[in-house]
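For chain A, the structure is supplied; the task is to place chain B on it using the hints.
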Amino acid sequence: MEILLMGNPNVGKSALFSRLSGINVSASNYPGTTVEIKKGKIVFSGTTAKLIDVPGIYSLEANSKAEKSAVKMLKKADVIINVVDSTNLERNLFLTMELLEKQVPMIIALNFWDETESKGIKINAKKLEHILKIPVVPTSAITGFGIKKLVSKIDCAKKEKYPIHNNKYKWEKIGEIIHKTQSITNEKKSLPESMKNLTMKPITGIPFAILVLLIVFFLIRFIGEGLITIIFDPLFGAYLPIAEIISNTLGEGIIRDILIGKLVGGKIDFVQSMGLLTTGIYVPLAMVLPYVFSFYLTLGIIEDSGYLPRLATLLDNIMHKVGLHGLSIIPMILGLGCNVPGALATRVLENKRQRFIAITLMAIAIPCMAQIAMLIGLLGKYGVEALAIVFLTLFMVWIILGFIMNKTLKGDSPEIFMEIPPYRIPYWKSVAKKLGMRTNLFIREAIPFVLLGVLLINFFYATGIIAFFGKIAAPIIVNLLGLPEEAVVALLAGFLRKDIAIGMLLPLGLNMKQLIISSVILTMYFPCIGTFAVIFKELGLKDTIKSVIIMLSTTLITGIILAIVL
Amino acid sequence: MIQSLTNLPNGKNAKIIALKGGIGLKKNLESLNIRTGKQITKITSHPFSGPIVVNIENRAIAIGRRMAEKIFVEEI
Chain A
1 MEILLMGNPN VGKSALFSRL SGINVSASNY PGTTVEIKKG KIVFSGTTAK
51 LIDVPGIYSL EANSKAEKSA VKMLKKADVI INVVDSTNLE RNLFLTMELL
101 EKQVPMIIAL NFWDETESKG IKINAKKLEH ILKIPVVPTS AITGFGIKKL
151 VSKIDCAKKE KYPIHNNKYK WEKIGEIIHK TQSITNEKKS LPESMKNLTM
201 KPITGIPFAI LVLLIVFFLI RFIGEGLITI IFDPLFGAYL PIAEIISNTL
251 GEGIIRDILI GKLVGGKIDF VQSMGLLTTG IYVPLAMVLP YVFSFYLTLG
301 IIEDSGYLPR LATLLDNIMH KVGLHGLSII PMILGLGCNV PGALATRVLE
351 NKRQRFIAIT LMAIAIPCMA QIAMLIGLLG KYGVEALAIV FLTLFMVWII
401 LGFIMNKTLK GDSPEIFMEI PPYRIPYWKS VAKKLGMRTN LFIREAIPFV
451 LLGVLLINFF YATGIIAFFG KIAAPIIVNL LGLPEEAVVA LLAGFLRKDI
501 AIGMLLPLGL NMKQLIISSV ILTMYFPCIG TFAVIFKELG LKDTIKSVII
551 MLSTTLITGI ILAIVL
Chain B
1 MIQSLTNLPN GKNAKIIALK GGIGLKKNLE SLNIRTGKQI TKITSHPFSG
51 PIVVNIENRA IAIGRRMAEK IFVEEI
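So the sequence lines, in the order shown, correspond to chains A and B.
260 is the number that my numbering gives to position 260 of the first sequence; each next residue is one higher, with no gaps.
17 is the number that my numbering gives to position 17 of the second sequence; each next residue is one higher, with no gaps.
Keep in mind that a hint or two might mislead.
[What the hints assert, rightly or not] Using 20 Å as the maximum straight-line C-alpha spacing, the simulated EDC-like pairs for lysine to aspartate or glutamate come out as follows:
id, chain 1, residue 1, chain 2, residue 2
1, A, K170, B, E57
2, B, K20, A, E415
3, B, K38, A, E176
4, A, K153, A, D269
5, A, K381, A, D269
6, B, K27, A, D78
Quick caveat, the hints were computed from the structure, so don't treat them as lab data.
Isolated chain A (complex conformation):
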């Protein structure tokens, strides 16, 4: 049996889903969180059924890929739980009317019930139930109000004979229903409500956005650095003598080379040694994880506050210049955490052209948090300047390449058309749950790949493959980019994990200019394997090849320009 949760975007569907199914799911306060369809199990009156969280849609006339998948899923549904935002009943009822016509047994959850009182909205749920002839249950996914009752009503889900009507009739009918069931008393504007307008107007909104981004940047840095200094450095400081003992016990030989790696000046160097028990755990845990954690913590709070749709509106005109629209800022920001979810989130965009541009730009010019953390670690000693050059270059590439793609690629990009949800104070449980889920995913995905990377690099060195590729790539790497031949090892490692690849630049003894060029190239030339798999899945063979050609040529041009200019 399949039960679908359906409703408009931003009606608390994902939060309701985690309440009903108990499994971890992601819920955010911006349209289109559910880009990957989430499935869970729900137990009611002794039976277990499949519960599916369907992407939020405004109507059954699908525009984006996410919406199309929602309509498709309707065909197999046994029961629909239609989640309705009770603070915005009229608009939400349109989808309800469309769903009723589909003749699938249905119940309605009047979500955000707890917010109606402060907004002066009174809804007669009994009367609504009577008019629609299907069960209606007031709920609040955040407090848990009404959830039990909702579950108990699944058995009572009913389909009614609704003849198919045109939209005009539907809206008239909705007008009648609203008139009979809803009364609005004193609509008092709360403080966040008036603040909302200020952050949406360009004059006040742009300075506010800059302020927010600066705070976010410093917060991520502060928390990340803090975790490293307070927790991870002491931890690995205590671990070092243990590693030394292991190293000494093993003595020279292949096993030590693999587990501990090369000794630098007779000692273990956690970044440079390249052993499974040294670099293999130090890089992902002590250098990258703290930043991943602080990034996702900050992002989670920003997401659930409802600020991102405002940022999307403010940046819409710039995004149009690169063939996208404001909403694409959300996949880009997610890409800063990890390109994999970022690329998946491009599904909220309406057409193929937009997704191609967004994915290609992300793969080339958006470094993930793992990479950024390593860049901070590596370039930090040269001060802010070196880091600034790297990020400025990437930003310029993003803008210029986007502009060129917008001018040369066939087709047109649709415009932004999006609800800006009200500000909500982030619900800590939801933020913590999401942070736990994302961090967990990083640990599960990253550590095996880092270990595999370390292993392969040792293998490449031992078999002379590195030297072989070094010779082949030498004309480009040495002559055009001014890097040593061995830099090719980092590029090879970059296919697996970018963080470990950047760490491999350290033993090469590069100067600042070479470090900057190699950092930029490593970010741009090719996505890591995880991202590449998603790109292939999302774009298909032809467009992936096109995208890769753009990546390689842009990287070469940018590298040469940097080698000349710096």
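Just chain B, lined up with the frame of chain A:
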């Protein structure tokens, strides 16, 4: 005076008189409750052909410029 939403001054209230566009556009707008006869407030319009933000039934909605041009309103 009936005018396009893009020409309506910021902060003004207006009533939607007509949606002049294809069926697709109309359905799109209607699904977010932007319909003939509805009252809206224009909150702001972003420079460089950026979107227009309106308030309808206490919900803010960002509408692309070309789309907004097709919404005709009468100031009230």
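How the hints compare with the structure:
Proximity of K170/A to E57/B is assessed by CA-CA distance (about 18 Å); at most 20 Å being required, the pair is judged to hold. Taking the CA atoms of K20/B and E415/A, the gap is near 16 Å; set against the 20 Å cutoff, the hint holds. For the proposed pair K38/B and E176/A, the alpha carbon gap of about 15 Å is at most 20 Å, so the pair holds. Restraint check: the Cα-Cα separation between K153/A and D269/A comes to about 62 Å, which exceeds 20 Å; the hinted pair is violated.
Note on K381/A and D269/A: the hinted pairing holds, with a Cα-Cα distance of about 17 Å set against a maximum of 20 Å. A hinted pair counts as satisfied when its Cα atoms are at most 20 Å apart, and K27/B with D78/A does not qualify at roughly 28 Å.
Comparing the model with each numbered hint stated earlier shows that hints 4, 6 do not hold.
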